[in-house]
Amino acid sequence: MMASVDNNRTAPASQAMRLLDSRLCQFLLVLAFAALIRFPIWGEWNYDLDDQYYYLIGQRILHGAVLYVDVWDRKGPALYLFYAAVGAISSSAIAYQIAATFCAACGGYGVVRLARLTAPLTPALLAGLAYCALLNQFGGENGQAAVIFNPLVIAGAWSIATRIDLLRLGRIDWALPFGMACTGIAIAFKQSVAIEATFFGLTIAISLWRSPMVRKRVFAVVAMLALIAALPMLVTFGFYAAHRHFAAMWQALVTSNLERGYDTPLNRLWYLGVLLARLAPALAFAIMGVLALKRGDRLSRKVRFVLQWAIVALGAIAAFPAVYAHYALTALAPLCVLSAPLFARRPIGIVAWAALVFPALALGNTFHVAERLVSHRETPKFEAYVRAHTPHRRLLVWGVPNALYARLKSYPPSPVLFPPHYYEASENGATGHEPITELQRILEWKPETVIVQNPLAIQSANRTTIAMVQTYLRSCRNVRRFVLADHLGLQVQWVHTGCTG
Numbered sequence: 001m002m003a004s005v006d007n008n009r010t011a012p013a014s015q016a017m018r019l020l021d022s023r024l025c026q027f028l029l030v031l032a033f034a035a036l037i038r039f040p041i042w043g044e045w046n047y048d049l050d051d052q053y054y055y056l057i058g059q060r061i062l063h064g065a066v067l068y069v070d071v072w073d074r075k076g077p078a079l080y081l082f083y084a085a086v087g088a089i090s091s092s093a094i095a096y097q098i099a100a101t102f103c104a105a106c107g108g109y110g111v112v113r114l115a116r117l118t119a120p121l122t123p124a125l126l127a128g129l130a131y132c133a134l135l136n137q138f139g140g141e142n143g144q145a146a147v148i149f150n151p152l153v154i155a156g157a158w159s160i161a162t163r164i165d166l167l168r169l170g171r172i173d174w175a176l177p178f179g180m181a182c183t184g185i186a187i188a189f190k191q192s193v194a195i196e197a198t199f200f201g202l203t204i205a206i207s208l209w210r211s212p213m214v215r216k217r218v219f220a221v222v223a224m225l226a227l228i229a230a231l232p233m234l235v236t237f238g239f240y241a242a243h244r245h246f247a248a249m250w251q252a253l254v255t256s257n258l259e260r261g262y263d264t265p266l267n268r269l270w271y272l273g274v275l276l277a278r279l280a281p282a283l284a285f286a287i288m289g290v291l292a293l294k295r296g297d298r299l300s301r302k303v304r305f306v307l308q309w310a311i312v313a314l315g316a317i318a319a320f321p322a323v324y325a326h327y328a329l330t331a332l333a334p335l336c337v338l339s340a341p342l343f344a345r346r347p348i349g350i351v352a353w354a355a356l357v358f359p360a361l362a363l364g365n366t367f368h369v370a371e372r373l374v375s376h377r378e379t380p381k382f383e384a385y386v387r388a389h390t391p392h393r394r395l396l397v398w399g400v401p402n403a404l405y406a407r408l409k410s411y412p413p414s415p416v417l418f419p420p421h422y423y424e425a426s427e428n429g430a431t432g433h434e435p436i437t438e439l440q441r442i443l444e445w446k447p448e449t450v451i452v453q454n455p456l457a458i459q460s461a462n463r464t465t466i467a468m469v470q471t472y473l474r475s476c477r478n479v480r481r482f483v484l485a486d487h488l489g490l491q492v493q494w495v496h497t498g499c500t501g
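The sequence shown runs 1 to 501 under the numbering used here.
Worth flagging that the hints you see were computed from the coordinates, not collected in a lab. Bear in mind the structure is a predicted one, so any value in this text is a computation, not a measurement. C-beta: ideal position from N, C-alpha, C; glycine also. Mixed in with the good hints, there may be bad ones.
Now the in silico label distances, taken between C-beta atoms and shown as ranges [to be verified]:
#1 R244 - V369: 46 to 54 Å
#2 Y324 - A242: 33 to 41 Å
#3 L488 - L291: 33 to 41 Å
#4 R244 - V483: 44 to 52 Å
#5 R210 - A362: 40 to 48 Å
#6 A242 - P120: 46 to 54 Å
#7 R387 - F102: 28 to 36 Å
#8 A319 - Q440: 32 to 40 Å
Below, simulated SDA-like cross-link-like pairs (lysine to any residue); rule was C-alpha separation at most 20 Å, straight line [as the list claims (entries may be wrong)]:
#9 K302 - D173
#10 K190 - A316
#11 K190 - P321
#12 K409 - V66
#13 K302 - L169
#14 K294 - L307
#15 K190 - Y262
#16 K302 - R168
#17 K190 - N257
#18 K446 - P413
#19 K302 - R210
#20 K409 - R394
#21 K216 - D173
#22 K190 - V66
#23 K409 - P380
#24 K190 - L234
#25 K409 - H389
#26 K409 - E444
#27 K409 - H63
#28 K294 - I348
#29 K216 - L169
#30 K446 - R393
#31 K302 - A175
#32 K302 - R171
#33 K381 - I94
#34 K409 - V69
#35 K216 - G170
Could you put together the complete structure from these sequences and hints?
Have a look at this one:
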């Protein structure tokens, strides 16, 4: 009788595990978790400064603007084409937030597939869920670029990790060209992915060099894979050269990153230390995960590859001349993969997972309930007020809510629409457009409404452009205060209306 009761109890659990044997079910589980921890901010178009600017550029592209020429930013073209593609379906913020959630789930599922190389299914799934949770801690809860391109990098890593023994035999199959194509597209999202892509390429080249493959064929295969990875950017270069905009594209993608101002070495070292401290739990669990493996598994080529990938990703963060929290997003996948063997240890594994995931969700902003309620309640009122008091659609945004340009179809007469490019002294001249000249052109356009955030989230002030806006505000007849909430908390927005210049 007791055996029958035990069998009845274990039957649902075994059925659930059999269900999870399906890869589709694994992905749907990760997708459901990603949606659960991200949905509170869905619909908040003002949540993040960067994401709404990508949305703005996507909308401009849909209306015929040429990226880097008619509208300016310094990231790769694929990012803005992604936002344009989503915007073609719906111009609502929730559209790109759902798309980013799908990308987060794809990244989490990629972590599951990689973790399965060294861990059973359950801890591998826990690693994928941990990846989704850590995105929230490091600014990836909305539509940051890394959330979107990480799955492509993970696909590139998967293609090598699952074929590394095949490479040592001097053989390749469809997976490696596929992986390098994904990595190449990721570079077209953000140029810094080239660091990880170089590591991937060297891993393939060294493995083939040590294999029985003849040397001429090694060179041919490596050249072919490098060409595949470079193809998206080569197409970009060709497109802009053919349309005589190569100089503008090069200035945006390369020159601007070299000419912008950065923190002092001491400040950069401080910010890097803070970021590494925030990454400490993930780093510790990754190391413990490697140590949890048997000695033979610990030294396997697959584990060494993922460990080296983690080191390269962390090294890339340290090599950047500026340090922001979202830069850590690119290192999360290999760290979570390495943590999976720890999650397999009972009972410590589930405790370690909870100690990683729940603080990550608490430290993120998604579940700051009071702020989310303020945002959902006040932002529509704010937008409606601005819309009602800007009948001629001449608007200037001096702070975070730059998506209003697209939402009101009000585009100032300048390719530089990102407010920090004007008021940050570190950006002075880096855009290839003189900020004083561009701002003067906008002010001569006579914006009837000016939105000023106070205080500005600013590191180094361009006092000249700030003074120009302050002078212009004297012509405004009315002003109203709104308190909105974004990823940094509550923010005061002063809406100046009836401005005549």
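Taking the hints in turn, this is what the structure says about them:
no., hint, result
1, R244 - V369: 46 to 54 Å, "52 Å, holds"
2, Y324 - A242: 33 to 41 Å, "35 Å, holds"
3, L488 - L291: 33 to 41 Å, "38 Å, holds"
4, R244 - V483: 44 to 52 Å, "47 Å, holds"
5, R210 - A362: 40 to 48 Å, "47 Å, holds"
6, A242 - P120: 46 to 54 Å, "52 Å, holds"
7, R387 - F102: 28 to 36 Å, "30 Å, holds"
8, A319 - Q440: 32 to 40 Å, "37 Å, holds"
9, K302 - D173, "17 Å, holds"
10, K190 - A316, "13 Å, holds"
11, K190 - P321, "15 Å, holds"
12, K409 - V66, "17 Å, holds"
13, K302 - L169, "15 Å, holds"
14, K294 - L307, "15 Å, holds"
15, K190 - Y262, "18 Å, holds"
16, K302 - R168, "12 Å, holds"
17, K190 - N257, "12 Å, holds"
18, K446 - P413, "11 Å, holds"
19, K302 - R210, "16 Å, holds"
20, K409 - R394, "9 Å, holds"
21, K216 - D173, "18 Å, holds"
22, K190 - V66, "18 Å, holds"
23, K409 - P380, "16 Å, holds"
24, K190 - L234, "14 Å, holds"
25, K409 - H389, "14 Å, holds"
26, K409 - E444, "19 Å, holds"
27, K409 - H63, "10 Å, holds"
28, K294 - I348, "17 Å, holds"
29, K216 - L169, "16 Å, holds"
30, K446 - R393, "11 Å, holds"
31, K302 - A175, "15 Å, holds"
32, K302 - R171, "16 Å, holds"
33, K381 - I94, "18 Å, holds"
34, K409 - V69, "19 Å, holds"
35, K216 - G170, "12 Å, holds"
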